[in-house]
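For the record, the sequence lines run as chains A and W. Residues in the first sequence are numbered consecutively from 594, following our numbering. Residues in the second sequence are numbered consecutively from 25, following our numbering.
Please note that a few of the clues may not be correct.
Unchecked claim - Calculated cross-link-like contacts (lysine to aspartate or glutamate; reagent style EDC-like; alpha-carbon spacing at most 20 Å):
(1) K192/W x D634/A
(2) K189/W x D634/A
(3) K728/A x D642/A
Stated by the list, open to error - Among the chain A residues that face chain W by a calculated CB cut under 8 Å, a handful are:
(4) A611
(5) F648
(6) A740
It should be emphasised that the hints constitute simulated quantities derived from the structure, not laboratory data. Where is the CB? At the ideal position from N, CA and C, for every residue including glycine.
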Amino acid sequence: MEKKTNKTSLLNLYLAFARIGLFTFGGGYAMLPMLERECVDRYGWTTRDELLNYFAIGQCTPGVIAVNTATFIGMTERGLLGAAMTTLGVVTPSLVIISIIATLLSNFAHIAAVQHAFAGIRVAIGVLIINAVIKLIKQNKKNMLNAISIAICVLSFLTVVFFDLSPVFVVIAAAVVGLAFGKKEEDNK
Amino acid sequence: MIFLTLFIEFFKIGLFAIGGGLATIPFLYELAAKYDWLTPSQLADIIAVAESTPGPIGINCATYAGYNAAGVPGAIAATLSLVLPSFIIIVIISKFLSKYNENTLVQRTFSVLRPAATGLIAASGWTVVNDAVFKLSSKTALFASTDIKAVILFAVLLIFTNIKKFKKLHPLVSIGIAAAVGITFKF
């Protein structure tokens, strides 16, 4: 990553996160592809590694993960004011869209075309999340592609999918294991 | 006063709903039981709308419930109150992290947290794919309710987005295609 010389503009932070809010469909990690696109690829505000840190923290702190991540990135870019911008940005589309729907289209969710469109969109979201996971693993070859990391990744997947345990439990367990046995990275790039 | 009630109730939800948007839903049912500006059947509609509009589901639910209680000002009050606790907490954690980022213990913790988080994201990917495409559940026979149209769309999109030429396309392209296909072929 190159060193930034200019400060990120507050307007850019607000607009980027308004776009992310606008194009996030579904909860939680559905926003990951958009976050990567805007914050890693387009602006270089963060790295995929850091995003994972934020997600892990967001998982066991209160609040919506999308908002937590927004606050984190705003905070690291421009401090408190930046955090306020990203947080307001990510909730603005919801406020506008929901208010319009609540006023005009009280039966919005029951319109056939809306239901069909969203059934299709959910398939695309699934594909996008899978691609995001593949990218996370590939781009972190150095950190991810050793046996232990893969084992941890698979174990946390299985714990949630097959044993129905809360992700909060997984994060806390991983943090404890990391504290005890984790290794320090020489280079965080 | 309704705005004070909204502030207190949604601040509480923001503080106690740990682990993302869907965690807010049980709290909203409590609200519906407690107040007359939100009924359980309205709440079912709210969740349906929240899931079929852009934006994080938890935020959408809060916005709609707030709107129900007091119009647009209510929507704004509920949404801002919902994000305030996590905003404060993340600002504090972020300050701490930037100070201790180089700390050995912090780095060791994250070296295990990152692969674990990757697994969690994969798990949520699986949940989404299963709900939208395979619809496997312990109650039905294997693949009995699998939607073949969804499987085809899934396979085509997965291949399409991994062709080198199209890898850099905006995620929105896939979402748009899928929405159009969904409407055309009545998913």
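Interface restraint verdict for A740/A against chain W (beta-carbon cut-off 8 Å): Violated - the Cβ of A740/A stays beyond 8 Å from chain W, reaching only about 11 Å at its closest.
If you draw a straight line from the CA of K192/W to the CA of D634/A, is it 20 Å or shorter? Holds, because 10 Å separates the two Cα atoms, which is no more than 20 Å.
Straight-line Cα separation of K728/A and D642/A no greater than 20 Å? holds (11 Å)
Against chain W, is F648/A within 8 Å by beta-carbon distance? holds (5 Å)
Taking the least C-beta to C-beta distance, is A611/A closer than 8 Å to chain W? violated (10 Å)
Sort out whether D634/A lies within 20 Å of K189/W, counting only the CA atoms. holds (17 Å)
Taken one by one, the earlier hints fail for this structure at numbers 4 and 6, listed in ascending order.
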